[in-house]
Amino acid sequence: MHTRYTLTRRRLLVGMAHAALAASAITEAAAATEGLPRVTVTRDPNCGCCIAWVEHMRASGFAVEVVEIDDVVPLKVKLGVPEALMSCHTSQVGSYVIEGHVPADAVKRLLAEHPDAAGIAVAGMPIGSPGMEIKGEAPRPYEVVIFASGRQNVFARYRGIFRI
Numbered sequence: 001m002h003t004r005y006t007l008t009r010r011r012l013l014v015g016m017a018h019a020a021l022a023a024s025a026i027t028e029a030a031a032a033t034e035g036l037p038r039v040t041v042t043r044d045p046n047c048g049c050c051i052a053w054v055e056h057m058r059a060s061g062f063a064v065e066v067v068e069i070d071d072v073v074p075l076k077v078k079l080g081v082p083e084a085l086m087s088c089h090t091s092q093v094g095s096y097v098i099e100g101h102v103p104a105d106a107v108k109r110l111l112a113e114h115p116d117a118a119g120i121a122v123a124g125m126p127i128g129s130p131g132m133e134i135k136g137e138a139p140r141p142y143e144v145v146i147f148a149s150g151r152q153n154v155f156a157r158y159r160g161i162f163r164i
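Residue numbers for the sequence shown follow this note's numbering, so the first one is 1 and each next one is one higher.
Among the clues, some could well be false.
As the list claims (entries may be wrong) - Derived pair list, reagent style EDC-like, types lysine to aspartate or glutamate, alpha-carbon separation capped at 20 Å:
id, residue 1, residue 2
1, 108, 143
2, 135, 55
3, 108, 137
4, 78, 68
5, 78, 44
6, 78, 116
7, 108, 55
To be verified - Restraint ranges, calculated between C-beta atoms of paired labels, are given here:
id, residue 1, residue 2, range
8, 164, 52, 15 to 23 Å
9, 114, 163, 13 to 21 Å
10, 51, 151, 26 to 34 Å
11, 114, 154, 14 to 22 Å
Since the hints were derived computationally from the structure, they do not count as laboratory data.
Just so it is clear, the structure is predicted and the values come from calculations on it, not from any experiment.
We put the beta carbon where it would ideally sit given N, CA and C, even for glycine.
With these hints in hand, go ahead and build the complete structure from the sequences.
Structure, rendered in structure tokens:
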């Protein structure tokens, strides 16, 4: 007995969702075996989007420690984050500073390439960046900036968590 299957939009979408879940599981398993360093996130205890970014990092295979303090600005200054790049939370991973809603993919690239820099940052809180997803709002393009003392350059461009 043969069953005929008609490819409907619903079946296509369900199949694509299953494929995405499988790919995500493989990616997370691979990241867990990469031996990624611990990320220490310093945040204001009243900021909710920071926790969403922490969950994004954990889902990408990073172990994350969260430190809550009332004023994160002195740490940003101490770590050399340029004022124009400051965001709501500051993280440290390896020898680098990660400022704001940087995609885990960019952090992994930074760690793999190990450039001579202080860190990378996403200035402000762009809609659609990790932790800043808003239901019903399309992700907006934004830049991940690499910085060091006296210099800043575009490290990557993203829309949501996808590099463009």
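Verification of the hints:
1. 108 x 143: holds (16 Å)
2. 135 x 55: Given pair residue 135, residue 55 holds - Cα atoms ~17 Å apart, limit 20 Å.
3. 108 x 137: violated (27 Å)
4. 78 x 68: holds (17 Å)
5. 78 x 44: Given that 20 Å is the threshold and the Cα spacing comes to 17 Å, the pair holds.
6. 78 x 116: Status holds; Cα separation ~18 Å.
7. 108 x 55: holds (16 Å)
8. 164 x 52: 15 to 23 Å: holds (21 Å)
9. 114 x 163: 13 to 21 Å: About 19 Å separates the Cβ atoms of residue 114 and residue 163, which means 13 to 21 Å holds.
10. 51 x 151: 26 to 34 Å: holds (32 Å)
11. 114 x 154: 14 to 22 Å: holds (18 Å)
Hint check: a violation occurs at hint 3 only; the rest are consistent with the structure.
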